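Engineer: If you read the protein sequences in the order shown, they are chains A and B.
Per this note's numbering, the first sequence runs over residues 1 to 133.
Per this note's numbering, the second sequence runs over residues 1 to 144.
Hints are computed from structural coordinates only; laboratory data are not their basis.
Please read all numbers here as calculations on a predicted model, not as lab measurements.
Built from N, CA and C at the ideal position, the CB exists for glycine as well.
Be a bit skeptical, because a hint or two may be false.
[Unchecked claim] The list that follows gives simulated cross-link-like pairs (lysine to aspartate or glutamate, EDC-like), each with its CA atoms no further than 16 angstroms apart:
#, chain 1, residue 1, chain 2, residue 2
1, B, Lys93, A, Glu38
2, B, Lys138, B, Glu83
3, B, Lys139, B, Asp48
4, B, Lys93, A, Glu58
5, A, Lys109, B, Glu63
6, A, Lys109, B, Glu83
7, A, Lys119, A, Glu38
[Stated by the list, open to error] Residues from chain B that keep clear of chain A, each with C-beta distances beyond 10 angstroms, as calculated:
#, residue
8, Asp48
9, Val67
10, Val70
11, Gly71
12, Arg77
13, Thr100
14, Arg110
15, Glu114
16, Gly123
17, Gln128
18, Ala132
19, Lys138
20, Lys139
21, Ile140
22, Thr141
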Amino acid sequence: MATTTTMSRPSTRTRDKNDAIAVERATRTVVPRVDIYETDTAYVLLADMPGVASGGLEVTADRDELTIRGHVQPTMNTPDYQEFELTDYHRIFVLTEDLDTASITATLKDGVLRVEVPKHPRLQPKKISVRAE
Amino acid sequence: MNRAMTWQPWQEMRRLQREMERLFGDGNWSWRSPLGGEYPPINLTRNDQNITLQVLCPGVNRESLDVSVVGDAVTLRGERAPEPNLSEAGCHKQERLLGTFMRTVGIGERLDPERTQANYRNGVLEVQLTRAPEATPKKITIKN
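Bound-form chain A, shown alone:
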């Protein structure tokens, strides 16, 4: 089985001021739970990000990294009984060059993000038609 997508923890590199802000934000985020599937033509990533509206979602592919971020609207009132807290989400995935990062699609429905990363056309199975002699 070809493991083309691997996981990594949020990066703590500090390259410039923006990165520093990103790292600061990352300390207050949770890592969303994901499922990763492989089909003939693509990798499909499903991530649970309840509380995130489509406007609060950020999916970026930069070189070999796919980053997903979700921002939730903080609620003002504290619940009387609390089992969960809605916090921003952040997770980074490592991509390989076998993926077509220019054609990534992302959709969000009912708090579940679906990201589809197509494989390079040269890696997709081709049906060879056999001509009868």
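Assemble the complex: chain A is given as a structure, and chain B must be docked to it using the hints.
Structural biologist: Here is chain B on its own, set in the frame of chain A:
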């Protein structure tokens, strides 16, 4: 040599890595219930007028969502089915919970089932509960 007998060190490493990730996790699941675990986790907010129950349950099939109120208890039911067109064979990682759930929450005050409203948005179910008329606090005037 028989293919099944061939030692494949890289595959073995990947299997070990997956096993380690499964055992120790590679994330911080702090959104889960700190009480260890009834699914789905809830938050409850009360004020003089009403009681709001927030339920964290992303990706639930809407037609399977069911909220019922009896006495002072709210029962939540739902199902999250696996994505169609994605086969088990192509699965590299599975962290999300799938299947059916049922949870009953005792509110501690009699509720009016007729005046219950629920909406499901961005994976969060919000149930607005109303106290039964006999359970509504009444102001008592104190006579001399």
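Engineer: Checking a non-interface call: every C-beta of chain A should be farther than 10 angstroms from the C-beta of Thr141 of chain B. Is that right?
Structural biologist: 28 angstroms, holds
Engineer: Examine each Cβ of chain A, and state whether all of them lie more than 10 angstroms from the Cβ of Ile140 of chain B.
Structural biologist: Given that every Cβ of chain A is farther than 10 angstroms from that of Ile140 of chain B, nearest at about 24 angstroms, it holds.
Engineer: Check whether the Cα positions of Lys138 of chain B and Glu83 of chain B lie no farther apart than 16 angstroms.
Structural biologist: 50 angstroms, violated
Engineer: Confirm or reject: Val70 of chain B is not an interface residue toward chain A, with every Cβ-Cβ distance exceeding 10 angstroms.
Structural biologist: 20 angstroms, holds
Engineer: Decide, holds or violated, for the assertion that all CB atoms of chain A are farther than 10 angstroms from the CB of Arg77 of chain B.
Structural biologist: 16 angstroms, holds
Engineer: Holds or violated: Lys119 of chain A with Glu38 of chain A, Cα cutoff 16 angstroms?
Structural biologist: 10 angstroms, holds
Engineer: Take a quick look at whether Lys93 of chain B and Glu58 of chain A sit within 16 angstroms of each other, Cα to Cα.
Structural biologist: Not satisfied, since the Cα-Cα distance of roughly 22 angstroms exceeds 16 angstroms.
Engineer: Any Cβ of chain A at or closer than 10 angstroms to Arg110 of chain B, or is the non-interface label fine?
Structural biologist: 18 angstroms, holds
Engineer: May I ask you to check that Glu114 of chain B keeps its beta-carbon over 10 angstroms from the closest beta-carbon of chain A?
Structural biologist: Consistent with the label, Glu114 of chain B stays out of reach of chain A, its closest Cβ about 24 angstroms off (over 10 angstroms).
Engineer: Could you let me know if the closest chain A CB is still more than 10 angstroms away from the CB of Thr100 of chain B?
Structural biologist: Label holds. Min Cβ-Cβ 16 angstroms, cutoff 10 angstroms.
Engineer: Could you grab the alpha-carbon distance between Lys139 of chain B and Asp48 of chain B and see if it respects the 16 angstroms cut-off?
Structural biologist: 12 angstroms, holds
Engineer: Within 16 angstroms, alpha carbon to alpha carbon, are Lys109 of chain A and Glu83 of chain B?
Structural biologist: 12 angstroms, holds
The structure does not agree with the numbered hints 2, 4, 16 stated previously, though it agrees with the rest.
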